[in-house]
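Using the sequences and the hints given, assemble the complete structure.
Chains A and B supply the protein sequences, listed in that same order. In terms of numbering that gives the first Met the number 0, the first sequence opens at residue 0 and continues consecutively. In terms of numbering that gives the first Met the number 0, the second sequence opens at residue 0 and continues consecutively.
What the hints contain is simulated information worked out from the structure, not anything from laboratory work. Hints may contain errors.
[Said to hold, decoys possible] Anything over 12 Å on all C-beta distances counts as not near chain B; from chain A, calculated:
#, residue
1, A48
2, V51
3, L98
4, E110
5, G194
[Claimed, not checked] Just the calculated beta-carbon pair ranges, DEER-fashion:
#, chain 1, residue 1, chain 2, residue 2, range
6, A, A225, B, D40, 37 to 45 Å
7, B, G12, A, R63, 24 to 32 Å
8, B, K71, A, E216, 41 to 49 Å
No residue lacks a Cβ here, since even glycine has one placed at the ideal position from N, Cα and C.
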Amino acid sequence: MIWTTSAPAITAAFLSSLVEAVEALTIVLAVATVRGWRPAATGAFAGLALLVLMVFALGPLLDRIPLRLLQFVIGVLLLLFGMRWLRKAILRAAGIIALHDEAVAFAAETEELRDQARRHDVRLDWLAGLASFKAVVLEGLEVVFIVIAVGAGRGLIGAASLGAFVACLVVVALGLVIHRPLARVPENTLKFAVGVMLSAFGIFWTGEGLGVPWPGEDVAITAFAALFLMVALAAVALSRRARA
Amino acid sequence: MTTLTTVFQMVIGLFVDDGSLALAIILIVLLSSIVANLMPDMPLATGAILLLGCLGVLFSNVMKAASDSHSKSMKQADD
Numbered sequence: 000m001i002w003t004t005s006a007p008a009i010t011a012a013f014l015s016s017l018v019e020a021v022e023a024l025t026i027v028l029a030v031a032t033v034r035g036w037r038p039a040a041t042g043a044f045a046g047l048a049l050l051v052l053m054v055f056a057l058g059p060l061l062d063r064i065p066l067r068l069l070q071f072v073i074g075v076l077l078l079l080f081g082m083r084w085l086r087k088a089i090l091r092a093a094g095i096i097a098l099h100d101e102a103v104a105f106a107a108e109t110e111e112l113r114d115q116a117r118r119h120d121v122r123l124d125w126l127a128g129l130a131s132f133k134a135v136v137l138e139g140l141e142v143v144f145i146v147i148a149v150g151a152g153r154g155l156i157g158a159a160s161l162g163a164f165v166a167c168l169v170v171v172a173l174g175l176v177i178h179r180p181l182a183r184v185p186e187n188t189l190k191f192a193v194g195v196m197l198s199a200f201g202i203f204w205t206g207e208g209l210g211v212p213w214p215g216e217d218v219a220i221t222a223f224a225a226l227f228l229m230v231a232l233a234a235v236a237l238s239r240r241a242r243a
Numbered sequence: 000m001t002t003l004t005t006v007f008q009m010v011i012g013l014f015v016d017d018g019s020l021a022l023a024i025i026l027i028v029l030l031s032s033i034v035a036n037l038m039p040d041m042p043l044a045t046g047a048i049l050l051l052g053c054l055g056v057l058f059s060n061v062m063k064a065a066s067d068s069h070s071k072s073m074k075q076a077d078d
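In structure tokens form, the structure reads like this:
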């Protein structure tokens, strides 16, 4: 395993999983608060099982695609995905769009579930489980993409999955201990970091797919990440100044 | 059918949030591919277009969003 490639891959999977797990935990906690742990846990585990199945099904399938084509396609998708995250993180850091608030999300979800309880009391366990399942699948889908994208073609799917899994364990453990949404997690800073890393991976892989022999090979990813970080920080500073 | 549409929208939503950013990235990738095919003996030129193009696209997109937000808040203040 080459450390210069595996370290950013594992870190990107870990950080993105951390962000998405915090968001999923908020919904699962809301479900548990309104209807108890049984439907919340059942829905969450069913969602996790589906996500793991997707990684195991798609990972080996991707190994059959020619490497250059795989690098190009995944590189372009990483660029679209990573720059989308980075753009949003920059706009949030600059105060142009509102920060994601876990406490508000928790209150909204709890209210919606209570409203559903008033309307369909009999089916509520099923609906609550479904809400928990949906939250885990929707938030986890982005993590699955990142794990596959940074891991495929280099035999790093296992390592990236491990990074994502450890992040989930950390968030679940914290959630069980404090029993409320993890509102203090610096979500936007994490998204900023993941956006920078994924954009750097996107440039590297798209270039490799087009036959670009990057100077320094894998080390170039770190240089691209530094460039994206500089441009993003400059954009935050200038956007703040434009707003003032 | 509705579920299929929702799943499709969800998958597209993973990659496209601001349409103009996605379109600009695709255009940069297309330009890089054209350069890679026209000048196969200068692969670093392809890399430079790809890297600088994406950095430029990100920066200009964010600055445009900041400027739009500023104009909008100025207009609301005038109203």
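Query raised in the report: What are the numbers of the hints the structure violates, in ascending order?
Result: 5, 6
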